[in-house]
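Sequences listed follow chains X and Y, in order. Using this note's numbering, the first residue of the first sequence is number 1, and each one after it goes up by one. Using this note's numbering, the first residue of the second sequence is number 1, and each one after it goes up by one.
Below, a list of computed lysine-lysine pairs in the DSS-like style, where the Cα atoms sit at most 25 Å apart:
#1 X/LYS184 with Y/LYS184
#2 X/LYS23 with Y/LYS195
#3 Y/LYS195 with Y/LYS91
#4 X/LYS8 with Y/LYS91
#5 Y/LYS15 with X/LYS91
#6 Y/LYS91 with X/LYS15
#7 X/LYS184 with Y/LYS17
#8 Y/LYS91 with X/LYS17
#9 Y/LYS184 with X/LYS155
#10 X/LYS155 with X/LYS116
#11 X/LYS184 with Y/LYS155
#12 X/LYS91 with X/LYS116
Coverage of chain Y stretches by chain X, computed from C-beta distances (three or more under 8 Å per stretch; other residues unrestricted):
#13 21 to 35
#14 51 to 58
#15 79 to 88
#16 175 to 185
Honestly, the hints are just simulated from the structure, not real lab data. C-beta: ideal position from N, C-alpha, C; glycine also.
There are 2 protein chains.
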Amino acid sequence: MTDKNQDKHKARQQKVKEQVDQKVAEANIEQGILQVITGNGKGKSTSGFGTVARCVGHGMNAAVVQFIKGTWECGERNLLENAGVPFAVMKTGFTWETQDRESDTQAAQATWQHAKAWLQDENIDLVLLDELTYMVSYDYLDLDEVIEALNNRPKMQSVIITGRGAHRRLTELADTVSEVRNVKHAFEAGIQAQKGFDY
Amino acid sequence: MTDKNQDKHKARQQKVKEQVDQKVAEANIEQGILQVITGNGKGKSTSGFGTVARCVGHGMNAAVVQFIKGTWECGERNLLENAGVPFAVMKTGFTWETQDRESDTQAAQATWQHAKAWLQDENIDLVLLDELTYMVSYDYLDLDEVIEALNNRPKMQSVIITGRGAHRRLTELADTVSEVRNVKHAFEAGIQAQKGFDY
Chain X
1 MTDKNQDKHK ARQQKVKEQV DQKVAEANIE QGILQVITGN GKGKSTSGFG TVARCVGHGM
61 NAAVVQFIKG TWECGERNLL ENAGVPFAVM KTGFTWETQD RESDTQAAQA TWQHAKAWLQ
121 DENIDLVLLD ELTYMVSYDY LDLDEVIEAL NNRPKMQSVI ITGRGAHRRL TELADTVSEV
181 RNVKHAFEAG IQAQKGFDY
Chain Y
1 MTDKNQDKHK ARQQKVKEQV DQKVAEANIE QGILQVITGN GKGKSTSGFG TVARCVGHGM
61 NAAVVQFIKG TWECGERNLL ENAGVPFAVM KTGFTWETQD RESDTQAAQA TWQHAKAWLQ
121 DENIDLVLLD ELTYMVSYDY LDLDEVIEAL NNRPKMQSVI ITGRGAHRRL TELADTVSEV
181 RNVKHAFEAG IQAQKGFDY
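Given only the sequences and the hints, what does the whole structure look like? Please build it.
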């Protein structure tokens, strides 16, 4: 690279750095973050579990509530439970495998009690409410009650909500919202779900 | 809920289940998956690290290559290194903090050697190439060489590539592509990055 190009590159990178530094300096509110990860793409729950791993890696406390439990064994759960993360998992497995609205509602309500307790616990730094969005869409949980619990949680506690079709009131309440869009999926090309990757 | 509504709900859920079951039955190719997680939203690397946690939780082997290392301590790394995951981390820190194209290129090339070795290792089930996209965009790495290494990897090995602006040749090669779109970010509302959540 010529000296001139090197100088241009340096100037451009310097500008990026200044913009980032300025944003960091301006962001001075200290509080827990409510993140919603929605959309039809792969990686929403996985992102949530990744943040739980990060939290635990710092020696902080996280708790996980899974509102839809796959029928497969869950690798993350092994690792994170061994690291001391409490899990509350809804008992009925995949919602579309049970097909019973009454029992699904009861199971969702029972699981929500764990979430509610953790959302009041100052010792929990991060609560992952995995696949909660469906419980709201299906009316298994009362949205007002969910929002009240989120609003009344300890000030420094962060919460992650995952799942497709997040209700607008949840995304409005959230500080950070990411939408994971499916561009393409191996499944569509006939590739089987792989242990250690997909489940 | 009336009996009629319960029946309608049951029929709808049964149809969803049948569609999912059929897709699962049709997906019968056994091979490692190449996933690209791109877009401007939060959670790309975190999703990659979540899959690494899943893999390790199953007692399988993963390796992590980080092409951009934040200046913050990394919680995931603590947890995953304790679980036996090898890390190769590019030495120069944030690219826009070093601003030296020659040394960045050398650092990227050195880090890439670790990636190349793991992409030939049948004992590694999953390789995370975190933030690799930037190395390609900045021409720090040769795209042809990256693609050749991906194509020649062990058949059952899965690979995850994260970062904004993934090159079209990478997304075309990938089996699964997710785009994480930023809907809103706490940062923009002045909320500081929180330990255990953002880093």
